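Protein chains in written order, with our numbering: chain A, 1 to 296; chain B, 1 to 219; chain C, 1 to 213.
None of these hints come from the bench; they were simulated from the model. From a predicted model like this one, the values you see are computed outputs, not experimental measurements. Errors might be hidden in some of the hints.
To spell it out: a stretch of chain C is covered by chain B in this simulated footprint if at least three of its residues, at any positions, have a beta carbon under 8 angstroms from a beta carbon of chain B; those stretches are [claimed, not checked]:
| hint | segment |
| --- | --- |
| 1 | 65–79 |
| 2 | 96–109 |
| 3 | 169–180 |
| 4 | 199–212 |
Facing chain C, according to a computed beta carbon distance under 8 angstroms, are these residues of chain B, among others [as the list claims (entries may be wrong)]:
| hint | residue |
| --- | --- |
| 5 | Met17 |
| 6 | Phe21 |
| 7 | Val30 |
| 8 | Asn100 |
| 9 | Ala136 |
| 10 | Ala139 |
| 11 | Ala185 |
Every residue gets a Cβ at the ideal spot worked out from N, C-alpha and C, and that includes glycine.
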Amino acid sequence: MQAWLIIAYGLLIVAGVALLVFAFRTGDRRYLYLAVLLFVVFPVVIVLKFPTEISPETQLLYDAVEKLPDSSNVLLTFDYYASTLAETEPMSRATLRHLFRKDCRVLTMTTIPLGGPSIAERVTREIAAEMGKVYGVDYVNLGYKANYVAVLKGMGSSIEAIYPTDNSGTPLAKLPMMSRIKNYADISFIIAIADNDIVSYWISIVRAQYGTPVGTGVTAVSAPQYYAYVGAGQLTGMLGGMKGAAEYEALVGHPDRATKGMTAQSLVHLFIIFSVVAGNVIFLIQKRRAGAGGQA
Amino acid sequence: MKTTVPVIIAFLAGLVMVLAFFFDPEKSFVGRLEPEVLRWVTIVGGFTLLLGVVSIIRVNYGGVHRRSSGWGYKLATVVSVFAMAIPAMLPTRMSPLFGNGPGSIYDWLFNNIDAPMMSTMFAMLAFYIASAAFRAFRARSPEATLLLVTAVLVMLWRVPMGEAMLKGIHHSLPEYINTYIMGGANLAVQRGIIIGAALGAAAMSLRIMLGIERTYMGN
Amino acid sequence: MSAIEIFQIWIAAFFTLALFSFLYRDNPCYRLAEHVFAGLSAGYEVGLIWNSVIIQQMIDPMFTGGEWWLVFPGLLGVLMFARFTRDYHWVSRIPLAFVMGTTAGIFLLSELHGKVLPQVQSTMRSVNPSEGIGGVVLSLLIIVGVISTLIYFYFSKEHKGVLGGVAKLGIWFIMVSFGAHFGYTVMARISLLIGRVQFLIYDWGDTFTRIFS
Chain A
1 MQAWLIIAYG LLIVAGVALL VFAFRTGDRR YLYLAVLLFV VFPVVIVLKF PTEISPETQL
61 LYDAVEKLPD SSNVLLTFDY YASTLAETEP MSRATLRHLF RKDCRVLTMT TIPLGGPSIA
121 ERVTREIAAE MGKVYGVDYV NLGYKANYVA VLKGMGSSIE AIYPTDNSGT PLAKLPMMSR
181 IKNYADISFI IAIADNDIVS YWISIVRAQY GTPVGTGVTA VSAPQYYAYV GAGQLTGMLG
241 GMKGAAEYEA LVGHPDRATK GMTAQSLVHL FIIFSVVAGN VIFLIQKRRA GAGGQA
Chain B
1 MKTTVPVIIA FLAGLVMVLA FFFDPEKSFV GRLEPEVLRW VTIVGGFTLL LGVVSIIRVN
61 YGGVHRRSSG WGYKLATVVS VFAMAIPAML PTRMSPLFGN GPGSIYDWLF NNIDAPMMST
121 MFAMLAFYIA SAAFRAFRAR SPEATLLLVT AVLVMLWRVP MGEAMLKGIH HSLPEYINTY
181 IMGGANLAVQ RGIIIGAALG AAAMSLRIML GIERTYMGN
Chain C
1 MSAIEIFQIW IAAFFTLALF SFLYRDNPCY RLAEHVFAGL SAGYEVGLIW NSVIIQQMID
61 PMFTGGEWWL VFPGLLGVLM FARFTRDYHW VSRIPLAFVM GTTAGIFLLS ELHGKVLPQV
121 QSTMRSVNPS EGIGGVVLSL LIIVGVISTL IYFYFSKEHK GVLGGVAKLG IWFIMVSFGA
181 HFGYTVMARI SLLIGRVQFL IYDWGDTFTR IFS
C-alpha cells in the first residue's frame, strides 16, 4: 500500500477516535454523526480495494442462473422501495446483466405501489440499452397490480388475467415475448429482489404450489430469516445486502457501486465495533467505580 | 345484516380459494372461478390504496383552510399531490409529458425528488444506529454478552476488511461463522419463528373465514 | 451530460441535503422537503391506481374487450369510500370482507403447505456420523435449536422443570440469532448511507466538473 494512503487512513482513524471522545465528553451525539460521515465519505473518495470472498448462498444463485438454458424465460421482481435502492438496485443490475448475457427473456414486475413500477422501468431500460436488448422481444415490464397475494396466486393460472397490459398499457398479446409465457409453467426461474417479507410468499404460494424455483436478493435487515428457506431448499440462492450485491457483481465480472461501497462499509463497521467495545469498557469502569464508592 | 352479510362474503370468497387448491384448475367450476375472483380482488385492492390519499388531502386541506400552524407546509403537501397526480391521469396522446411512462412529469418527479428523499430518510438511520450502538449497547448480562459477541463477529464477517482479519486468526473462521452461526443457530431460531408464525397465520385465516375474527371490519 | 440532467441531479441533491440538515437541527428547509415528500408519494399512488387499475384493468377491458361485468369490482371498490361517511360507513365492510376472505383462504393453505410442512420436514435431519464431526454438530444444532425456540415461544404452560430448562436453552439460541440480526441491521443502515454519499460525490460532484470545465 502506498505511504500516502497509509498516512491518510491513519489520520482518518485519529479523527474518528477524537470525535468519539468529544461525543462522550460533551454528550453531543452530532460528533458521532460527523465521525460516521467521515468514515463513509473518505473511502468513497479514496477507494481501497479488498478482494471480495463469495459466500455459498450467492454462489448458489449464480450457479442456478448459469445453468439455465440460454433464452429461458425468467421472472425478475422489483419488490423494493426507493428507500433501499443502495442495497437492492445493484442486485437488480447485476442479475439483469447476467440474464441478458445468457439471452434470457426477462419478465419484470413489482408488488410495491410506491415507486416499484418506475424503478423497474428505469433500471431495466438502462441495462437493456447497455446490452442491446429490445423491449417486447427480450424483456417486458408488467408493472404493478394491487393485492400481492392475489397477484402471486393469479399468475399461476394466467398472467394475462392479472396483467391484461404491460406497465405502459400495451396489451400483452401485442408483445412477441408474451406469446410464449402464459403462467408460471412457462417460467424457468424467479429472482425476487425485495426489501420486505414478500419473498416468503413467493416461496409459500408460488414455489410450493407451482414448483418454479425461486432465488432472491434481499436487504441485510431481512437476510438472516431467509437462511431457513435456503437450508430447506425452498430458496435457490440468496444475495444478502450490499455485500451480496458486490459478490454477484464480482461473479458477473462487472464491479459497480456495491463493490465500490465495500471499503466504506468495512471502515464504518470497524468504527462501530470500536465504539461498542469502548462504550462497554467505559460502562465497566464506571460500574466498578460505583461499586468501590458504595463499599467505601 | 351489517355484520352478517360481510361475514358470509368472507366465508364464500375464502371457500373458493380453498376448494380451488384441490380441484382441477381447467375442468372444475371452482378452478375456473378462482382466476376471476383473484382479478376482482386486485381491482378492489387498488381502490383501498386511494383511501390513504383521501385522508391526506382532507387533513392537509383542512389545515390550509383554517390557516392552522404550519399551513404553508400543508399547502405544499396538497400542491405536491396534485402536481404528481394530474399529469399522470391525463392521456399520453395529448403530450408525452402526461401519463406514467418514462419521460413523463410523473416519472420525472418520482425519480428526481421522491426517490432521493425516500433513500435519504432511511440513510439517516445509519447515524442513529451508530449513536445507539455507542450509548446503549451494553453487556449487562451473559445473554446480552452473547448477543453482542455474535453481532461483532457478524459485522466483521460481512465486510471484506473484517473477513481478512478473521482469516488472519484462523483461515476457516469466516466459513465457521457462516455454517454454524448463520446456517446453524440462526437458521434454527428463524425456522422456529417461521413455523410458529405460519401456524398462527393459518389459524387467524380460519378464524376470519369462519367469522370468529371480525376486527378487520372496524366498529 | 445535458443541462436537464445536471438540473435534475441538483434538484435531487437539494432535497437530499435538506433532509440531512435535520441531523444538525430542525429547520424550514427540512420541513418543506418532508411535506413535499408526503404529497408526492400520495400523488404517485393516485397516478398508479388510475393507470394500472382503472384504465388497464377496468376501462380498457370493458370498452374494447366487452368485459362489462368488471363494473362490479369497480363498484365494490367505490364502496370502500363509504367509510368516510357517518351513516353508511358499514357498507365499506362488504369489499373489505371480500378481500380479507380471499386472502384468508389463500393463506390458510399456503402457510401450512408452503411454510410449516417444508420447514418441519427439513428439521428432521439424520444425525449421520459419516458427514463428519462438523455435519453431526450442525444437525444437532438445528434440531435442538428449532425445538428449544418453539418451546420458548410456547406460553400456554409455565416454564418450569424440563420445559423451563429447554426454554432457557432456547433463549441462548435466540440471543445468537438476534445478535446476527443486529449485525446485519447495522450493515443495512450503513449501506443506505453509503448509497446517498455515492450519489452526492459521484453524480452531484460530476456536475461541478461539467459546469466549471
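Hint-by-hint comparison with the structure:
1. 65–79: It holds: at least three residues are needed, and the segment 65–79 of chain C offers 7 whose Cβ sits within less than 8 angstroms of chain B.
2. 96–109: holds (count 14)
3. 169–180: holds (count 11)
4. 199–212: It is violated, with 1 qualifying residues against the three required.
5. Met17: 3 angstroms, holds
6. Phe21: At about 5 angstroms, which falls below the 8 angstroms cut-off, the nearest Cβ of chain C leaves the hint on Phe21(B) intact, so it holds.
7. Val30: The hint is violated - Val30(B) has no Cβ within 8 angstroms of chain C, the shortest such distance being about 11 angstroms.
8. Asn100: 5 angstroms, holds
9. Ala136: 12 angstroms, violated
10. Ala139: 11 angstroms, violated
11. Ala185: Holds - the Cβ of Ala185(B) comes within 8 angstroms of chain C, reaching about 4 angstroms at its closest.
Checked against the numbered hints above, the structure breaks hints 4, 7, 9, 10 and satisfies the rest.
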